[in-house]
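Using the sequences plus the hints, can you model the full thing?
There are 2 protein chains.
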Amino acid sequence: MTIELTPIGYVDNKSTSVPRHCSVSKVEGRLVVDPQYQEGLRDIQPGQQLVVLFHFDRSPPFTPDRLVQKPPHVKKKLGVFSICSPIRPNPLGLSVLEVLEVRGNVILVKGLDMLDGTPILDLKPFVPPSPDMP
Amino acid sequence: MTIELTPIGYVDNKSTSVPRHCSVSKVEGRLVVDPQYQEGLRDIQPGQQLVVLFHFDRSPPFTPDRLVQKPPHVKKKLGVFSICSPIRPNPLGLSVLEVLEVRGNVILVKGLDMLDGTPILDLKPFVPPSPDMP
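So the protein sequences, as listed, match chains A and B.
In this text, residue positions in the first sequence follow the numbering used here: the first is 1, and each later residue adds one.
In this text, residue positions in the second sequence follow the numbering used here: the first is 135, and each later residue adds one.
No wet-lab data here; the hints were simulated from the structure.
Hints are not guaranteed to be accurate.
Stated by the list, open to error - Across the chosen pairs, the derived CB separations fall in these ranges: (1) B/Gln179 with A/Pro72: 17 to 23 Å; (2) A/Glu28 with B/Arg237: 43 to 49 Å; (3) B/Lys148 with A/Gly47: 39 to 45 Å; (4) B/Gln179 with A/His73: 14 to 20 Å.
What the hints assert, rightly or not - No more than 30 Å apart at the CA atoms, straight line, and that leaves these computed lysine-lysine pairs for DSS-like: (5) A/Lys70 with B/Lys244; (6) A/Lys110 with B/Lys210; (7) B/Lys244 with A/Lys77; (8) B/Lys204 with A/Lys110.
For every residue, glycine included, the Cβ atom is placed at its ideal position computed from N, Cα and C.
Right, here's the structure in full:
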């Protein structure tokens with residue numbers, strides 16, 4: 001069984017390099033959403049945290065030797081599901097960005113860790129995990 | 135352009151109904167991962183928060199009248215990208231669950247809000263947003 005997705009937009013980010021993770025990024029840029037979905041951007045507010053699901057479109061295909069990988073900032077190899085590597089069974093990325101402004105079908109954001117042109121698959125509000133969690 | 139994904143496993147959850155969101159769920163269950171990916175589960179620890187990306191496989195197709203929707207627990211209509219509705223342009227779901235135990239290719243979790251048999255697309259560590267964020 002396969003699941004087919006179509007991007008809803010793309011990242012417009014003139015930086016030639018981006019930090020390794022959104023939690024350590026101050027890079028600003030734009031999420032350009034297909035105008036057919038513009039009405040769905042209603043209620044996204046400046047200052048809020050926005051979850052962006054995206055496609056690691058420039059990653060090599062996943063192979064079994066990538067089930068464990070050494071991240072650049074860690075000394076040992078870790079299981080692929082414990083790291084945010086772009087080389088994973090399904091090349092899905094997740095970033096939590098700060099919304100600076102919404103202008104029509106464009107969202108200005110801060111915290112980018114995606115490459116210019118990255119296809120965006122979904123946007124969601126950030127809901128903090130249950131306070132009962134460890 | 136379309137992106138093709140293949141599930142890496144599925145949710146095994148005998149409950150016939152689930153809470154509306156993982157942040158209000160205490161439901162326990164199992165994430166059953168395809169044995170070919172078992173080595174990638176290494177380093178997932180009991181007590182940690184795990185991000186699960188999944189396919190809303192029982193949602194009706196998205197149509198433009200769903201760009202704004204009234205969530206069951208909110209009085210007004212909101213843009214689809216400001217809510218967690220399963221009816222969205224790409225039917226991707228995101229939950230943050232508590233890991234109870236890892237047994238081979240099975241992860242016991244708490245906080246489930248997915249239906250029994252839901253296809254799992256990816257697992258990631260939960261990384262809190264930057265402390266500078268609002």
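Checked hints:
1. B/Gln179 with A/Pro72: 17 to 23 Å: Hint holds: Cβ distance 22 Å, inside 17 to 23 Å.
2. A/Glu28 with B/Arg237: 43 to 49 Å: 44 Å, holds
3. B/Lys148 with A/Gly47: 39 to 45 Å: 41 Å, holds
4. B/Gln179 with A/His73: 14 to 20 Å: 19 Å, holds
5. A/Lys70 with B/Lys244: The given pair, whose Cα atoms are some 29 Å apart, holds under the 30 Å limit.
6. A/Lys110 with B/Lys210: 29 Å, holds
7. B/Lys244 with A/Lys77: 27 Å, holds
8. B/Lys204 with A/Lys110: Cα-Cα ~29 Å, so holds.
Of the numbered hints listed earlier, not one is contradicted by the structure.
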